[in-house]
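For any residue, its number in the numbering used here is found by taking its place in the sequence shown, counting from 1, and adding 158.
Worth flagging that the hints you see were computed from the coordinates, not collected in a lab. Note that the coordinates shown come from a computational prediction; the quantities given were computed from them, not determined experimentally. Possibly wrong hints are sitting among the right ones.
[To be verified] Cut-off 20 Å, straight-line C-alpha distance, at most; resulting in silico cross-link-like pairs (EDC-like, lysine to aspartate or glutamate):
id : residue 1 : residue 2
1  : K343      : E267
2  : K233      : D294
3  : K339      : D294
4  : K235      : D245
5  : K233      : D245
6  : K343      : D294
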Amino acid sequence: MAEDVKKEEGATEKTAVVKKKKFPLRTWLFCAMLVLAVVGMGLTMSLEDGGWEYWIFLLAFYGGVSVFWAWQGAKQKGEPVWRTVRDNVFHWSCVLAIYAILVIFEWTEVINRGAAANVGLLVLALSCLLAGVHFDWIFLLVGVVLAIMVVAIGYLEQYVVWFLMLPVILMAGWSYFQIRKRRSKN
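When you get a sec, could you build the whole thing from the sequences and use the hints?
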């Protein structure tokens, strides 16, 4: 009986070690996603062309993170890896196709470059929100931050945007840690 208790304690300790290993990677990626979004907001507001290429880079980064998390999550749960990866790749490829349409609109002067960058940011916000609903809840937080950025860039003066975004970023980080804490207890 004492051996069973020791085995259970050892298993609990191993599980705690595994959770500690994975937590920092997800946390750093979440923080990187938020920081890259804030950098993109700064570029969009400061450049005449709206930093369009940056949003394409951010789309690739977010898509890569989403595919990586889907792969890792499916492996942990023992689910088919390729199905979840396929769904993620399809989701982010569709967003890339919408970006291609925006580029065509810009080249044919249907919309100007700054407006295309703002629409690209809005599309990225929506795609993150949907990825959060269907794939990983962290993207829901990132999508909310991006949506608030779109509204802030469109309606607020440059200096006010920064005063708005700092509490939004802090709130997203706080929400992330609260959800993580609640999930680790369950």
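Restraint check for K343 with E267, where alpha carbons must lie at most 20 Å apart: Answer violated: K343 to E267 is near 53 Å, above 20 Å.
Hint check: K339 vs D294, CA-CA at most 20 Å. Holds or violated? Judged against 20 Å, a Cα distance of about 16 Å means the pair holds.
Pairwise hint evaluation, D294 against K233, where the allowed Cα distance is 20 Å at most: Distance ~15 Å between K233 and D294 Cα, so the pair holds.
Against the 20 Å threshold, does the CA-CA distance of K235 and D245 hold or violate the hint? 16 Å, holds
Given the hinted pair K343 and D294, is their alpha-carbon gap at most 20 Å? 18 Å, holds
Check whether the Cα positions of K233 and D245 lie no farther apart than 20 Å. Holds, at roughly 15 Å.
Checked against the numbered hints given earlier, this structure breaks only hint 1.
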